[in-house]
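Enquirer: Sequence:
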Amino acid sequence: MKQIFNGTQFVNCEEQYWGGVIYTSIQSENSILELIGVVFENCTSLDTGGGIYASIYSGAQFVMSGTCLFKNCSSVLSGGGIYTDIGKGGQLGIKDQCFFTECKSISGSGGGIYSNINDATLNIEDTTFDRCTCSQPGNGGGITLYQGSSSIISITNSSFKDCKTISNSPDQRYGWGGGIFIQTSVTAENLNESNFIIRDLIFSRCSAVNSIGNNLHIQSIDTYATGEAIEVGNLLSVNETIDLYYNNNYQYDYMGIDQSKVGNGTTIINNIPLFQANQTVDRILNLAQ
524 MKQIFNGTQF VNCEEQYWGG VIYTSIQSEN SILELIGVVF ENCTSLDTGG GIYASIYSGA
584 QFVMSGTCLF KNCSSVLSGG GIYTDIGKGG QLGIKDQCFF TECKSISGSG GGIYSNINDA
644 TLNIEDTTFD RCTCSQPGNG GGITLYQGSS SIISITNSSF KDCKTISNSP DQRYGWGGGI
704 FIQTSVTAEN LNESNFIIRD LIFSRCSAVN SIGNNLHIQS IDTYATGEAI EVGNLLSVNE
764 TIDLYYNNNY QYDYMGIDQS KVGNGTTIIN NIPLFQANQT VDRILNLAQ
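Per my numbering, the very first residue in the sequence shown carries number 524; after that it's consecutive.
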């Protein structure tokens with residue numbers, strides 16, 4: 524079964540629980556929900572998913588295309604624009620110049636998008652995140668992704684402008700990843716372009732609390748090994764950067780933390796440059812010259 528919303532506009536919608544406008548559970552292999560040029564403006568959830576809350580399972584597909592717009596949408600908890608749970612072969616695709624503008628999570632993660640991905644696929648391309656935010660103890664001003672060990676994430680040809688995590692004085696935990704926060708369960712030896720692609724991105728003036736991953740923060744089993752796997756496979760590329768993997772000027776823009784060192788999310792020094800090994804070599808070579 525396929526259901527399509529084409530050109531629909533949702534304005535000033537509010538929901539007490541999940542999904543400020545749409546709550547959907549798609550759980551069969553031949554089920555497809557497609558949004559084409561749909562607008563969500565000033566929509567709010569007092570729980571999760573300011574515009575949409577979606578569960579996508581058992582091979583079902585959820586596709587957004589044709590300049591969908593999420594403008595000034597918010598959630599009290601995670602997913603200011605969209606909150607999704609994707610599993611058992613489910614697929615979420617966002618493409619064709621979609622925009623998330625001034626979306627926010629008030630006290631959760633993922634100002635624009637929050638997604639749990641387990642044995643499933645998430646693909647974001649040609650999408651702009653502009654002034655999206657989340658506040659501590661949340662992570663990921665633009666996007667927060669939790670990647671299970673057998674899942675696929677792809678973010679390509681997308682822009683993050685003025686996205687940030689915001690300090691919250693009553694709760695100083697976390698606040699990592701101004702543009703993107705990813706927690707991955709994929710081990711470094713299995714991380715490759717078949718399951719992890721973040722390429723051809725633009726980051727402009729994104730910031731995180733204490734500069735812990737202004738553009739990108741990755742929580743993984745082993746940050747050192749994860750950074751090395753990304754560099755070897757060229758799994759991350761950012762437009763208008765110079766020697767991304769080796770340039771010390773980016774050490775606070777791309778950071779990570781070992782899962783075992785997260786604790787309560789307040790120990791700043793446990794967060795380290797994602798490409799620290801390469802940067803250490805670079806510093807040694809500079810000193811030797």
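Read the hints as simulated data drawn from the structure, not as lab findings. Treat the hints with caution; some may be incorrect.
If you anchor each label on the Cβ, the simulated ranges turn out as follows [stated by the list, open to error]:
#1 Asp649 <-> Ser734: 40 to 46 Å
#2 Thr710 <-> Ser630: 30 to 36 Å
#3 Ile791 <-> Tyr540: 33 to 39 Å
#4 Leu569 <-> Ile765: 33 to 39 Å
Beta carbons are placed, not taken as given, at the ideal position from N, Cα and C, and that holds for glycine.
Enquirer: Among the hints numbered above, which are violated by the structure, and what are their numbers in rising order?
Expert: Structure breaks hints 1 and 4.
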